[in-house]
Each structure stands twice: as C-alpha cells, then as structure tokens.
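Spelled out from the first residue to the last, the chains are:
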Amino acid sequence: MRKLARRFISAIPVILGISFLIFILMHLAPGDPVTLLLGDDATPADIERTRREWGLDKPLLAQYWDFLSRAVTGDFGRSLKFNEPVMKLVVERLPATLELAFASLVVAILIAVPLGVYSAIKHNSLLDHAGMSVALIGVSLPNFWLGIMMIYFLGGQLNLLPVAGRIEYGIEFQSITGLYLVDSLLAGNFSGFRSALQHLLMPAVTLGSSLAAIVTRISRSSVLEVMRQDYVTTARAKGLSEKDVIWRHILRNSLITIVTILGLQLGALLSGSVVTETVFSFPGIGDLLIQSISARDYKLTQVLILMFAVTYFAVNLLVDLLYSWIDPRITY
Amino acid sequence: MLSMRYLKIWVGGAILMVLFLCGIAAPLLAPRDPQAQTLEDRLRPPRWSDNGSAAYFLGTDNLGRDMLSRIIYGSRISLMVGAATVIFAGLLGCTLGAVAGYFGRTTDEVVSKISEIFLAFPFLLIAIAIMAFLGQGVGNLIMALMLSRWVQYCRVVRGEVLSIKERDFVTAAKALGGRDGYVLFRHVVPNTLASVTVIATFGMAIVIITEASLSFLGLGVPVHIPTWGSMLSEGRSYINRAPWLTIFPGLAIFITVFGINLLGDGLRDIFDPKLRRQR
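If you read the protein sequences in the order shown, they are chains A and B.
All residue numbers for the first sequence refer to this note's numbering, where the first residue is 1 and numbers rise by one.
All residue numbers for the second sequence refer to this note's numbering, where the first residue is 333 and numbers rise by one.
In isolation and in its complexed conformation, chain A is listed as follows (with noise of 0.2 angstroms):
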C-alpha cells in the first residue's frame, strides 16, 4: 500500500511537467486564437477586449499559474471555441471515450484471449500458423483505414450497422452516468441499448482490432512460456486432467502478462480513440480534441491532454493493483 501511495505522489511532478510543458507548446503554436475566435471582420478594439477578458495579456508564467491554482479547484476556465466551462464540457464527453476504450478491451480480450492460447496449446499446428498470420495482419492494418472500410461495406453496402454518433436521433432516457448502454439498462429501455451497441460495434472493433492483434502474439507466447515450466510438468506428472492443467496451471500464470500488456496498451487505446473517435463522428474527449486543436482553444486542448495523462496513469495503477490479485506472490 506504501508503495502504491509513494507512486501516486511520484506521478504528481510527472503530470506538472507535462502540464507545463503543453501549456508552453499550446502558446508557441502559430495562429491567434482570439483572431481565429472572432474572425477576420473583428476590430483591434474587440480582439483585445477579448484577449483582456479571457487573460491572454497577461504574461506566459502568469496565465499558467492562474490555470493552476484554478484547477485544484477544479475550474479549468472556459472553453474559446465552445465558450462553456471546460470541465463540463470534459465530464460530457470522457463517458463516450470510456464506454468506447472499455468496449475495444472486451472486443480484443474475446478475440485475443482464446486464439492466443488455443494457438499456443496446439502450437505449430495449422490453426496455430493460421491465427498468428491473422495477428500479423491485425497488427499491420492502420485501425482508421478499417474503420472506414466497416463504414463503406457494413454501414453503406449492405446498411447492416450505423456509421455516426452514439445513439439513433430520437431515443431519449435519463443519463445517468454518460454510459449509454449502462444507462438505458438502468431504464429498462432496450430500444436505447440496441441503438447504443449498433453504434458502439464498428467503432470498438476498429480500435480494438491492433490490440486484439497483439494481445493475441502475447498470449501465444506467455502461455508457451508458462507451459516448458517444471510445475506444469509437475502437474501432469500428478496425473491431473488436460482441463485442470490448462485453467488451474498454465492460464492462471500466463495472466500475468496478458493483464501487464493489456495494462499497457490502454494507453494507446486512449490515444487511438483520437483517430477513431474522428472516423466515426464519435462524441467524445478525442473528437472534442482535434476540434480544440484546429481552432486553437488553449485550455481546452490542454485540459484534454493532461485529462488523457492522468486517465493513462491511473490505468496503469489499476493494472498493478490488479497483479497481486492475480499473483498473490505479488505485494505492494
């Protein structure tokens, strides 16, 4: 538990720093936002009114520590392009970009998982070369290019699946928690649910299918790793059943590094969701970013990174966490 305390704290500087340094960038970058915001019509009288309203006149160090000391209270200002608080803006959009991560995690694990291990246990056999050429090609496709050809095929030609948003224009029900599946679940509405996972299908599976790819070569070799060890051998020599050595022996300690890339490659999810997120006009924190880019919206673009900093972070404390239940061997 101590140790786990001393990395929250040591990941304190490590998000300033990054905070910090996307503060300098976000000012260094070509283009004024303010010019950007009222466009070319707007006198120099109101430009700098704005600029004096929104504190872009005050100098660089001034403007971050106003940004700070803010933000502890959890005011991250307003947002240029939407002018609403950034924060609500955040709260509204991360739900999407969570459902969608969580989603791809579920499609990579079904897929991965059991081709993985099944390629590993019948190892050198066809169905083992045939699932690591699969994995070769998953791994190799650019996820945005797939997404877009799931659109044409499955959303154009043969209109089996939505191509856009979240949910179909017109189902309403009480958000709860931003989660839509969740949510219509919550109020027993299937009709929302149905629409939420039709539209929830292409985008998960175009973000998951790098992972599923790599998760798959890792459970391949985790779990031949596991299967040379003298415990297995052990095992058997016990005179348990194929089964038992499987689940009990061989799964359970290949876990470890399924669980530790799982862990790691979330972070690419996250940042993947970016280029998915714009494939698919998909509502959350990564649309919301390349929007916030390409008008130069300062904070906004700011508190997103460091929201995809300190989301990634914490992920990854989960993922230690999740070890020593794992591997009880394993104590913090």
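Some clues are possibly wrong.
[Said to hold, decoys possible] Covered stretches of chain A, as calculated for chain B (at least 3 residues, CB under 8 angstroms):
1. 8-18
2. 132-143
3. 147-157
4. 309-322
Hints are computed from structural coordinates only; laboratory data are not their basis.
The beta-carbon is built from N, C-alpha and C at its ideal position, and this holds for glycine as well.
Dock chain B against chain A, hints included.
Just chain B now, kept in the frame of chain A:
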C-alpha cells in the same frame, strides 16, 4: 527449403525494397504529375471498372488527379518519414540509453526521469500535441515522431548496457587501458545492435501508421504534398461514390506495414534465443 524465419525476412525485405525503389524512382514510374488536375476526368473509377479509363489505372480523385501517381509519390513521404524517424530516434535513444547504462548514478537518474515523463504519455498523443504546436511540415513531423519514439530505444539499450558492461570482455578492454568512450562505443554498444535492429524495424512500422494517422487528422504534412494518410482523409467524403479513393491508399499503408512487420518478425526469430527455444 527456406525455413519460415528466413522466408519472412526475404518476403518482408522484398516488399520493403520494392517500395523503396518506388519512392526513389517515383518521377520515372508515375504515369502523371501527382498534382496535375484534369477536372473533366474527376472521380474516374479504376481502369477495370465500367466507366474506367485506360489513362488512369487506379482512377482519379475529386480534382481529377491520377490516383496511381499520387500513391507512388505518397510512398516517398511514408518511407522517408519512417526511415528518418527511426534513424534520429535511434541515434538519440541509443546514445542516451548507452550513456545512462554505462555511467550510471546521476546520469542514469536524469535520463531515467526524462524517459519516465515521455513514457507517462501515449506516444500518439505526444505526436499530436507536438504537431499542434509545430504546425504541419515534413521536418516538424519527423521531429514530433522522433520525440515520441526515442524513449523505446533508450530503455532497451540502457538495460542491455547494464548487463553487457559487467561481462569479461568489457573488463578486459578496460584493463588494456581503453577509455570509457572507446569501450562504450567500440565494445558495448555494438553488442546491443541485434535488439536495436528488431525495435527499429517494428518502430518503422509504427511510425508509418502514426504518420498516416496524423496526416489523416490534418496534423501531418501540408495538404499539397500527396501522402497516403491525407489521401484517405480526402477520399473519406466520397466513400460511397468513389470507394477507390480510400481503398488504394489504405492498401498501400497495409502492404508497407505488413512487409516491415514480416521482416521484424523474421529478425526477432533469429536474434531472440528465447523464441528459438519455443519453436
């Protein structure tokens, strides 16, 4: 008969070689100027389709530009950005990793802390953040990708150097009076090259996909330079009317990355003794 691992190297290497030749000889191979617009021929389908024209093998885009020529020219940017990033990120990461691992103490601590900051952040996001600041451009793109990728080399080389520097041949080189710099770069670093080659190969595949993703998001190279990612982005608006605008650039990225990954797999099979045992 060629074993599987050599087959991977040959096939992957051949794909990469063909693409490099395409990139180098683009002005000779491309049937037309990739920027030339023929508005009366806009959105022409590929040659084998019903309305296809023999003049445009892979069809034309919304401005009547030849798709085949743009794809051939696009390979230049992908491969150049990929190779340059791997070289610069490799040089920076390997040097810092080698120095940190060999000298230890404060040097190691400083390098490790800087690496931690970069590792605390998904690399695509680092690249997005840097491109948002630097603006579009090939040089900026290489810089952004280099800054987001160097840390992988640094960590692997540092780890290897930590173990290699304790080996007898390093002690012998020091006993013979070799200076630190000489011992490090003449005896220690060359022994890390096998791992570096494998990371560099897979790294190039990742960089090519990242470059395409950034160009797709409008954060890569300027729009007037044809790249596979920006072609995909432009073609997306015409997906139902002209699917070839997205199919072919995507296939080009896929084949390139597949070839590099195949090569990387083959190299890893040869260099990694653990994998050799698994076979």
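Verification of the supplied hints:
1. 8-18: Coverage by chain B holds here, the residue count being 5 at a Cβ distance below 8 angstroms.
2. 132-143: holds (count 6)
3. 147-157: Our answer is that it holds, as 5 residues pass the Cβ test (under 8 angstroms) against chain B, meeting three.
4. 309-322: The restraint on the region 309-322 of chain A holds, since 3 of its residues have a Cβ under 8 angstroms from chain B and three suffice.
The structure is consistent with each of the numbered hints, conforming to all of them.
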